[in-house]
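Novice: In the order they appear, the protein sequences are chains A and B. Residues 1 to 109, numbered by the working numbering, are exactly what the first sequence covers, in order. Residues 110 to 220, numbered by the working numbering, are exactly what the second sequence covers, in order.
Note that these hints are calculated values from the structure, not bench results. Think of the CB as a built atom: it goes at the ideal place given N, C-alpha and C, for glycine as much as any other residue. Hints are not guaranteed to be accurate.
Pairs of lysine-lysine residues, derived as BS3-like cross-links and limited to a Cα-Cα distance of at most 27 Å, are as follows [stated by the list, open to error]:
#	chain 1	residue 1	chain 2	residue 2
1	B	122	A	42
2	B	166	A	96
3	A	68	A	1
4	B	180	A	68
5	A	42	B	180
6	A	42	B	164
Computed Cβ-Cβ distance ranges for the label pairs, DEER-style [said to hold, decoys possible]:
#	chain 1	residue 1	chain 2	residue 2	range
7	B	131	A	51	44 to 50 Å
8	A	67	B	116	36 to 42 Å
9	A	106	B	117	26 to 32 Å
10	B	204	A	40	24 to 30 Å
11	A	22	B	124	36 to 42 Å
12	A	59	B	205	49 to 55 Å
13	B	112	A	59	18 to 24 Å
14	A	39	B	131	21 to 27 Å
15	B	124	A	61	42 to 48 Å
16	A	3	B	204	24 to 30 Å
17	B	168	A	52	34 to 40 Å
18	A	52	B	116	34 to 40 Å
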Amino acid sequence: KQEVTQIPAALSVPEGENLVLNCSFTDSAIYNLQWFRQDPGKGLTSLLLIQSSQREQTSGRLNASLDKSSGRSTLYIAASQPGDSATYLCAVNDYKLSFGAGTTVTVRA
Amino acid sequence: DVKVTQSSRYLVKRTGEKVFLECVQDMDHENMFWYRQDPGLGLRLIYFSYDVKMKEKGDIPEGYSVSREKKERFSLILESASTNQTSMYLCASSPRTDTQYFGPGTRLTVL
């Protein structure tokens, strides 16, 4: 059974600082890995999807890397803003999605 | 834009009631999913479906059933609601193994 772990569980940074969010998974036989954002009381919004054959994906200030062999992915958010405050979820797709518990980020103005 | 809608944002039911949660997607996606989300436990997969009239159990199917009579609609059924089914329920759809698109969620309270 796929186990997905996200560290840290919570993070608070001043505005402008870079964010580094970590995700690890136990079974490397995956189709892809996704990073989602969730605002309080809302559904999930997909941020980045990395296929198993890729090493990284970028979208604006977001960059996600994937090291399948070591079972790790990292989400980098450059120059954080208060609007980046949310919970970030990592999900591994090995025919169904397995989610981590998330990292709750607070960016202080 | 992909749109996934859920029938209710908030729902309050009594123990023992039969509860229907409806999910509709407008992008002709093959796959549809039902999750529940609880603090400290993250999202857990209840049931999913790869095609009409097809369903597969996820990680926590006990106490739930599903129905997919049409491609765009996936229903989650609580046959006899219990207080431990109080949770946020999230529906998602996807084309094959591509990204999943989530609905806004239904916060269900069972009294």
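Novice: Taking the hints in turn, state whether each one holds.
Specialist: Hints, verified against the model:
no., hint, verdict
1, 122/B with 42/A, "21 Å, holds"
2, 166/B with 96/A, "11 Å, holds"
3, 68/A with 1/A, "16 Å, holds"
4, 180/B with 68/A, "33 Å, violated"
5, 42/A with 180/B, "25 Å, holds"
6, 42/A with 164/B, "26 Å, holds"
7, 131/B with 51/A: 44 to 50 Å, "32 Å, violated"
8, 67/A with 116/B: 36 to 42 Å, "41 Å, holds"
9, 106/A with 117/B: 26 to 32 Å, "30 Å, holds"
10, 204/B with 40/A: 24 to 30 Å, "29 Å, holds"
11, 22/A with 124/B: 36 to 42 Å, "41 Å, holds"
12, 59/A with 205/B: 49 to 55 Å, "22 Å, violated"
13, 112/B with 59/A: 18 to 24 Å, "21 Å, holds"
14, 39/A with 131/B: 21 to 27 Å, "23 Å, holds"
15, 124/B with 61/A: 42 to 48 Å, "47 Å, holds"
16, 3/A with 204/B: 24 to 30 Å, "27 Å, holds"
17, 168/B with 52/A: 34 to 40 Å, "22 Å, violated"
18, 52/A with 116/B: 34 to 40 Å, "35 Å, holds"
In this structure, the hints that do not hold are numbers 4, 7, 12 and 17, in rising order.
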